[in-house]
Amino acid sequence: AQSVTQLGSHVSVSEGALVLLRCNYSSSVPPYLFWYVQYPNQGLQLLLKYTTGATLVKGINGFEAEFKKSETSFHLTKPSAHMSDAAEYFCAVSGGRGGYNKLIFGAGTRLAVHP
Amino acid sequence: GAVVSQHPSWVICKSGTSVKIECRSLDFQATTMFWYRQFPKQSLMLMATSNEGSKATYEQGVEKDKFLINHASLTLSTLTVTSAHPEDSSFYICSATQGARYEQYFGPGTRLTVT
Numbered sequence: 001a002q003s004v005t006q007l008g009s010h011v012s013v014s015e016g017a018l019v020l021l022r023c024n025y026s027s028s029v030p031p032y033l034f035w036y037v038q039y040p041n042q043g044l045q046l047l048l049k050y051t052t053g054a055t056l057v058k059g060i061n062g063f064e065a066e067f068k069k070s071e072t073s074f075h076l077t078k079p080s081a082h083m084s085d086a087a088e089y090f091c092a093v094s095g096g097r098g099g100y101n102k103l104i105f106g107a108g109t110r111l112a113v114h115p
Numbered sequence: 001g002a003v004v005s006q007h008p009s010w011v012i013c014k015s016g017t018s019v020k021i022e023c024r025s026l027d028f029q030a031t032t033m034f035w036y037r038q039f040p041k042q043s044l045m046l047m048a049t050s051n052e053g054s055k056a057t058y059e060q061g062v063e064k065d066k067f068l069i070n071h072a073s074l075t076l077s078t079l080t081v082t083s084a085h086p087e088d089s090s091f092y093i094c095s096a097t098q099g100a101r102y103e104q105y106f107g108p109g110t111r112l113t114v115t
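In order, the protein sequence lines correspond to chains A and B. Note that my numbering has the first sequence beginning at 1, numbered continuously upward. Note that my numbering has the second sequence beginning at 1, numbered continuously upward.
Hint data in this document are derived by calculation from the structure and do not stem from the laboratory. Keep in mind that the hints are not guaranteed to be accurate.
What the hints assert, rightly or not - Within a straight-line C-alpha distance of at most 20 Å, the following computed SDA-like cross-link-like pairs (lysine to any residue) qualify:
(1) K41(B) with Q42(A)
(2) K55(B) with N101(A)
(3) K49(A) with K41(B)
(4) K69(A) with Q42(A)
(5) K58(A) with Y58(B)
As the list claims (entries may be wrong) - Sample of chain B residues with no beta-carbon within 10 Å of chain A, all distances over it, derived:
(6) Q6
(7) E52
(8) Y58
(9) S89
(10) R101
(11) V114
Computed from a prediction, not measured in an experiment: that's the story for all the values here. For every residue, glycine included, the Cβ atom is placed at its ideal position computed from N, Cα and C.
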């Protein structure tokens with residue numbers, strides 16, 4: 001079965017500082033990996049995704065993530081945090097018995113950005 | 001493109017009544033739609049997967065008689081919470097995929113409060 005672990009339910013950074021949100025996955029098949037952002041009382045917006053090919057993927061709003069198979073990780077980074085980045089972030093994986101269109105989400109990480 | 005809407009965005013109902021939530025793909029044909037439930041400050045839990053014209057597939061532990069899902073057309077799926085109780089209060093989010101594609105497009109969510 002697939003699973004996703006997001007280390008740190010809350011992360012706080014200063015504006016302009018590096019953002020690092022951690023995600024580790026478990027999958028018996030080559031996974032598809034996703035990062036989503038959710039603002040209060042809203043749905044999910046896709047930040048970036050990895051399917052195949054280049055392991056460093058770039059997304060919207062300056063975010064990027066690197067797929068590391070040996071570490072089963074897909075950490076999300078952004079060089080310089082902005083106040084508008086404050087939100088909930090979810091890592092997700094698909095593949096396996098559920099197929100590539102069935103998502104398994106991590107518990108989420110709430111990012112706070114302070115001045 | 002790939003916009004998914006939900007209606008209503010917020011609903012309050014009395015215990016024992018039923019409430020219907022609509023999920024529409026506005027600019028594409030959604031062969032598969034997903035319904036998720038999200039409790040406050042928690043992750044998304046998949047409730048069911050529905051394909052147009054066929055019965056929904058419910059995840060383990062989800063009461064199919066309580067959460068009725070209908071996917072009558074390629075642009076509309078509905079979730080009906082029957083005989084709602086306060087513990088059904090939650091944020092319900094739908095998503096849709098187009099054709100054989102794996103990427104899910106999420107709606108903005110519906111907040112249900114049962115009093």
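Worksheet item: Broken hints, numbered, in rising order?
Response: 3, 4, 5, 6, 10
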